[in-house]
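Listed below are the residues making up each chain.
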Amino acid sequence: MRVADLVNDDASLISRRCWADQQVYELEKRGIFGRAWLFLGHESQIREPGDFVQAYMCETPVILARGGDGGIHASINSCTHRGLPVCRASHGNTRRFVCPYHSWSYTVEGDLVTIPQESEVRCKPDKSALGLKRVPRVESWRGLVFGSFDEAIIPLEDYLGDMRFYLDAFFGRFPGGIEFLGAPHRWVMDANWKLPVENQLGDVNHGAFLHAAIIPREIQQQIEAIGYSAVTAPGHGATFRLMPEDAPVDEVAWGMEGMGAILGTDEVRQYLRDVQAQAAERVGDLRARMKGLTYGIYPNLSFLWSNTSFKVSHPRGPGKVEYWSWAVVPADAPDTIKQTLRRNYSSFFGPGGILEQEDSEVWVQQYRGASIDFADDRPFFYGLGLGEEAGHPQLPGLVSVTANEFYARHFFRRWRDDLQSVEGGQ
Amino acid sequence: MTTVSLQTTPEEQRALERFYFHEARLLDNRQYRQWLALLCPDISYRLPARTNLMVDNRQRGCEDMISVERELEGADSLGCPLREETYVHLMLRVERAFKVNSWSENPPPRTRRIVGNVELMARKGEALEVLSNFHLFYARPGSADFLYSGQRRDTLLAGSDGYRLRQRDVVLDYADINFPTVGLLF
Ligand code: FES
Ligand SMILES: [Fe+2]
Chain A
1 MRVADLVNDD ASLISRRCWA DQQVYELEKR GIFGRAWLFL GHESQIREPG DFVQAYMCET
61 PVILARGGDG GIHASINSCT HRGLPVCRAS HGNTRRFVCP YHSWSYTVEG DLVTIPQESE
121 VRCKPDKSAL GLKRVPRVES WRGLVFGSFD EAIIPLEDYL GDMRFYLDAF FGRFPGGIEF
181 LGAPHRWVMD ANWKLPVENQ LGDVNHGAFL HAAIIPREIQ QQIEAIGYSA VTAPGHGATF
241 RLMPEDAPVD EVAWGMEGMG AILGTDEVRQ YLRDVQAQAA ERVGDLRARM KGLTYGIYPN
301 LSFLWSNTSF KVSHPRGPGK VEYWSWAVVP ADAPDTIKQT LRRNYSSFFG PGGILEQEDS
361 EVWVQQYRGA SIDFADDRPF FYGLGLGEEA GHPQLPGLVS VTANEFYARH FFRRWRDDLQ
421 SVEGGQ
Chain B
1 MTTVSLQTTP EEQRALERFY FHEARLLDNR QYRQWLALLC PDISYRLPAR TNLMVDNRQR
61 GCEDMISVER ELEGADSLGC PLREETYVHL MLRVERAFKV NSWSENPPPR TRRIVGNVEL
121 MARKGEALEV LSNFHLFYAR PGSADFLYSG QRRDTLLAGS DGYRLRQRDV VLDYADINFP
181 TVGLLF
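These protein sequence lines are chains A and B, in that order. For the record, in the first sequence the residue sitting at position 385 is 385 according to our numbering, with numbers rising by one throughout. For the record, in the second sequence the residue sitting at position 150 is 150 according to our numbering, with numbers rising by one throughout.
Just so you know, not all the hints are guaranteed correct.
What the hints assert, rightly or not - The calculated label-pair distances, taken between Cβ atoms and stated as ranges, are:
#1 Asp64(B) to Ala129(A): 32 to 42 Å
#2 Asp250(A) to Asn106(B): 46 to 56 Å
#3 Asp377(A) to Arg70(B): 31 to 41 Å
#4 Asp150(A) to Ala75(B): 35 to 45 Å
#5 Gly131(A) to Ile66(B): 27 to 37 Å
Claimed, not checked - In silico DMTMM-like cross-links for lysine to aspartate or glutamate, where the CA-CA straight-line distance does not exceed 20 Å:
#6 Lys320(A) to Glu69(B)
#7 Lys99(B) to Asp168(A)
#8 Lys320(A) to Asp145(B)
#9 Lys124(B) to Asp42(B)
#10 Lys338(A) to Glu73(B)
#11 Lys338(A) to Asp76(B)
The set of hints was computed from the structure by calculation and includes no laboratory data. Here a beta-carbon is modelled for each residue, glycine too, at the ideal position from N, C-alpha and C.
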């Protein structure tokens, strides 16, 4: 197998082996997950010293914690003695992580504090060298914390690049920023990690088809009329609607189309109108008219603006994925409004969502299609809209209609480059 | 929650069980519209999320240390329950089931549920608080089989033509969600 044979030049043909091959997966680990910025969590989850949440960098378990010094720390959740995870909770607050096996204990920053057996031996181990392995690079932007195994990776802000323009169109609306509610919903599917990513990177055109039982045709017509897909860098993308300048506030305002707002109180709807009233001042005229759909950050972070959820697709092998998703709300909203708005997410998305059950189903079925024999000469067609994207006077990146699959072609070109860079054992 | 169920008559206990067995049969027979008729229009239907917490050392030896309640992110929390639904949500789910493009359930899954441990826990005027447990077998064509297990914490309204469901909290017994969906009608 050569990576060059998996993705053709313009990435309009994608081999089935990209999805269902152990060798490819090993290359992904080294070429992508070993080197990219990977999402770990949001600062709102670890406000107080000692607060921690679990995270993953590919299959490697990580503890993200707020240290006693107020700093953010990310350590690999594996004891230096025999390798057990020292933290078994999904989140919490603690002074120490105590390993179950021989009770070595670590601070939330990852320093080894006690070795109970040490008093019985003459030669004392150097504890300062035996802490949990730190994630070498940790940086955050607008509260989103990322880690990388690559010491030499470019700064996070540069990595996000022009995606910051699109992300700020959402984050910038709220004076207090956003917060993540509670522990992530996590569910396991027999699917490859890349398909949920691709789905949230720009595939809004399955909506009216796969989800036709729920999504009315008019939504598709609206997306065709005023929808955009933007690729700021290969693997990063945003889809959104740009509402007409004279559109009524209830049509433009973020959140109004969700179940929380539709079934919620007038107080909730007024809150959303108030947010929209300040939007132009806070994020500018153009971005105030933006109504986002899906966003993706390479390699595996997604933000579903329309249902305000962050998602991470954690690989568990070529054919298994652990999908995490969180409801996201404005941090300074009253609690009752947060509790209402979280339904904009959970009604339709997450493991119990009315829409996402169809997505989960096709992700699993796609993996089956990718795993079959005797069809390697029939790669998947990614050529819709080939070459039809172009620059835009006001919107950063390459821009096109949402039916153009350039977001996925760019993803796979970057993916191919990343894999080639470690091919042949480098 | 009290620890012992209320003293009730055999007739009332039997009536509650008849209600639940009827409900189970409607759901397994996919007669979802008839199931909707068992709900109050202002129903609230919720599934708390279940989290994995550290044991709190200060609660060592106490029941609270390992209580189920502390694992739940429910409607009152600032976490995110898996589901918090109204009649409208449930109606959407039911209508979806009768459309050809409800792909994850087309062909429809075969389900069979056993409902048991029906306990009347409290009586507040017309409202009854009732606990029940269920095991739900779920076989989807072209996929694996799954077993759902959980507790339902219901509020029923007793009317002249039988009971109506006013509130249901479903506590699912999962560690990692490896079911295809938790969007079923439990
Ligand atoms: S394995 Fe952690 S203390 Fe021995
Ligand atoms: Fe979808």
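Verification of the hints:
Evaluation of the 32 to 42 Å hint for Asp64(B) and Ala129(A) yields a pass: the beta carbon distance comes to about 40 Å. Between Asp250(A) and Asn106(B) the beta carbon distance is about 35 Å. The supplied range of 46 to 56 Å is therefore violated. At about 56 Å, the beta-carbon gap between Asp377(A) and Arg70(B) misses the expected band of 31 to 41 Å. For Asp150(A) and Ala75(B), the hinted distance range of 35 to 45 Å is satisfied, since their beta carbons lie about 43 Å from each other.
Range check, Gly131(A) to Ile66(B): about 31 Å between beta-carbon atoms, so the 27 to 37 Å window is met. A threshold of 20 Å between alpha carbons decides the hint, and for Lys320(A) with Glu69(B) the separation of about 31 Å lies outside it, so the pair is violated. As the CA atoms of Lys99(B) and Asp168(A) are separated by approximately 39 Å, the hinted pair breaks the 20 Å bound. A hinted pair counts as satisfied when its Cα atoms are at most 20 Å apart, and Lys320(A) with Asp145(B) qualifies at roughly 17 Å.
Of the pairs offered as hints, the one joining Lys124(B) and Asp42(B) holds, with about 17 Å between alpha carbons and a cut-off of 20 Å not exceeded. Only pairs whose Cα atoms come within 20 Å are accepted, and Lys338(A) paired with Glu73(B) is accepted, the gap being roughly 14 Å. With a CA separation close to 11 Å, the supplied pair Lys338(A) and Asp76(B) stays within the 20 Å bound.
Of the numbered hints given earlier, the model fails hints 2, 3, 6, 7; all others are met.
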